[in-house]
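Trainee: Each chain, written out:
Number of protein chains: 2
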Amino acid sequence: MNFYELAQPGVRGLTPYQPGKPIEELERELGLSNILKLASNENPLGPSPEGLAAAQAALAGVELYPDGSGFALKAALSAKLGVAAEQITLGNGSSEVLEFAARVFVAAEHEVVFSQHSFALYPIFTQIIGAKAVVTPAAQWGHDLDAMRRAITPRTRLIFIANPNNPTGTWVGGAALESFIRDLPPQVMVVVDEAYFEYASHAGMGAADYPNTLAWVNRYPNLIVARTFSKCYGLAGLRVGYAVSHPDVADLMNRLRPPFNVGSVALAAATAALGDEAHLQRTLSTNADGMRQLTAAFNERGLAYIPSVGNFICVDVDQPAGPLYDALLRKGVIVRPVANYGLPNHLRVTVGTAEQNAVFLRVLDEVLAA
Amino acid sequence: MNFYELAQPGVRGLTPYQPGKPIEELERELGLSNILKLASNENPLGPSPEGLAAAQAALAGVELYPDGSGFALKAALSAKLGVAAEQITLGNGSSEVLEFAARVFVAAEHEVVFSQHSFALYPIFTQIIGAKAVVTPAAQWGHDLDAMRRAITPRTRLIFIANPNNPTGTWVGGAALESFIRDLPPQVMVVVDEAYFEYASHAGMGAADYPNTLAWVNRYPNLIVARTFSKCYGLAGLRVGYAVSHPDVADLMNRLRPPFNVGSVALAAATAALGDEAHLQRTLSTNADGMRQLTAAFNERGLAYIPSVGNFICVDVDQPAGPLYDALLRKGVIVRPVANYGLPNHLRVTVGTAEQNAVFLRVLDEVLAA
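Just so you know, the sequences run in chain order A and B. At the far end of the first sequence sits residue 370, using this note's numbering, and the numbering has no gaps. At the far end of the second sequence sits residue 740, using this note's numbering, and the numbering has no gaps.
One thing to keep in mind: the hints can contain errors.
List of simulated lysine-lysine pairs, DSBU-like, C-alpha gap at most 35 Å [to be verified]:
{"no.": "1", "chain 1": "B", "residue 1": "K391", "chain 2": "A", "residue 2": "K80"}
{"no.": "2", "chain 1": "A", "residue 1": "K80", "chain 2": "B", "residue 2": "K407"}
{"no.": "3", "chain 1": "B", "residue 1": "K701", "chain 2": "B", "residue 2": "K407"}
{"no.": "4", "chain 1": "B", "residue 1": "K391", "chain 2": "B", "residue 2": "K502"}
{"no.": "5", "chain 1": "B", "residue 1": "K450", "chain 2": "A", "residue 2": "K37"}
{"no.": "6", "chain 1": "A", "residue 1": "K80", "chain 2": "A", "residue 2": "K37"}
{"no.": "7", "chain 1": "A", "residue 1": "K21", "chain 2": "B", "residue 2": "K391"}
If you are wondering where the hints come from, they were derived from the structure by calculation, not from laboratory data.
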């Protein structure tokens, strides 16, 4: 039996899974220790200390199933964000809520619209369903909302907008985004993927027109806002994200949601981290400082970059970036090549601490001079 | 806009999500403390101490994304089970790998076969896809493999067999199960759901003909075996399960698998727990002893029960079980009503420690006498 013929066409069309190597394996193979990883936009300050303490405490009951309703986390989100618990869908990372949105609203005969240079999971979730991906050209590496509006057809059911965008760090301003959402046909859902919301909102990043879309959820019922605990809260290893939406949309996504999709340690850590304002502010100011450090250094070196309001930046190395990525790796610095995002001459670098950024810049100089 | 009309029919047909209450909320409402929960087949001895220590250590790096390949856990499973890493699919609990199997191989025009009184997620995964659920009558509360064989049509693509079955604890013997699998048409996949494998395999449970189906995976390429760390390893809160299958089947399931579906703390805990033979043996002998304690007590009281090789048992209370469930709850003991499984006069009780079982029996006597 050929199992590929038995598989659903959408699944069959996915890229075969390539097992990766954990850092420890890479270190062993390369004979390195203490690799600096600036590849996955993780928090260089580590997890929220309050989140970490709650995780440690929650390990005491780890033989028990999680609270499938996420009661405490939803109550904390509800209080902090000013939304009803009935508007929240919890995910095993925010990527899971993105997939819930696609699986609820999109069938094989539909179209999903997203931008060039946008997040890698949007085409994958579209492909799994067997729906048609409609990729609109970027403007200045970011979302061209006019092009996206023109791409809508009667078959369109879902639009993904990453704001700020990953991997480019670009953002769309509040007026343009609200106008775009206001004009959508009623059968078109829009997911605004705000994995980097807190960074972009920080005054130090200078994106004064970056919107707080949560304020719009009650106005535009086809709006789904997705956020995560993996970035500024430093909990990527525990897998917690959420969506805020119209209660009916949340009801539908929660029907699809497996009851124990978020673990008990993750729920406890996220609930506590949400209240850890001190760690959040340290994280955001460290990031704003680090962004200034990196852009100043790129300017000094005459390296172009894509202006970013995330905790990462794409630098244009003015040559195919793959060999440079390899050279950096051999010297113990992992960044992210983004050729698969249509950016063959860029490298995406996570903003680290001042010391980590300095190490990256020194090693970058070495490999550019070699 | 009516979002229910926009939703996919399979999702729309799912039961609306009912937020539950965590135990702490229940205790507050009932004015109780120290509720005894024998409802979810969790390990009364707690997590594997080695798993717990590894989880604590892994919290140090919780700001980092998990190893998406699950390299270390797959290596440990490979070594312990004698299968190749390429045959393994890791899940956010074993329930996720059950859903992967359905989503890879089943479309809306197909049929999924499973037994009456079997696990609640099989009809849900079938419903999400919009496929037809074919429920075969049970024999002695367990799987009637002849009835299941007769239920296969040209539209059948997947069969779920829980062995032992949840909630009844019944099992099918190796000879009958292998004969069933051998005779399957080549396009029919079978998932043998072995969430309670280790309990049923234990000599103290007396199921001498309970099979080790992993030995069959290389013989029958349409066989998928699913197991979990949520039961005997005591890690239900961390969400780790796995499937072992033909490498092509694993490739297809891994294409669908989100890359970070299992968290880093979960991966570390499961890897360590797998080697904690002492905790496993304590768990299994505690369970065998507890099962003898409960069945002896039921026999003394003239209460019928379904013979079980799991870590739970369904006792026939010879009256509608709902009010008894409520009465037990008000006295601080949570068990599981199973009317939704077609067993309105039974309660499913998790086997606890000797002390916990004694508390349950004392409270059961009180409510039966009331």
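Trainee: If a hint holds in the structure, say so; if it does not, say that too.
Mentor: Against the structure, the hints come out as follows:
Taking the CA atoms of K391/B and K80/A, the gap is about 21 Å. The hint holds against a cut of 35 Å. Distance restraint check for K80/A and K407/B: the Cα-Cα separation of roughly 32 Å lies within the 35 Å cut-off, and the hinted pair is therefore satisfied. Between the alpha carbons of K701/B and K407/B the distance comes to roughly 12 Å, so the proposed pair stays at or under 35 Å and holds. Proposed proximity of K391/B and K502/B is supported: the alpha carbons are some 32 Å apart, at most 35 Å.
In summary, the hint linking K450/B to K37/A is supported, as the alpha carbons are separated by about 32 Å, within the 35 Å threshold. Distance hint between K80/A and K37/A is fulfilled; the C-alpha atoms sit about 32 Å from each other, no more than 35 Å. Taken as a hint, the K21/A and K391/B pair is broken in the structure, with Cα atoms around 40 Å apart against an allowance of 35 Å.
Comparing the model with each numbered hint stated earlier shows that hint 7 is the single one that does not hold.
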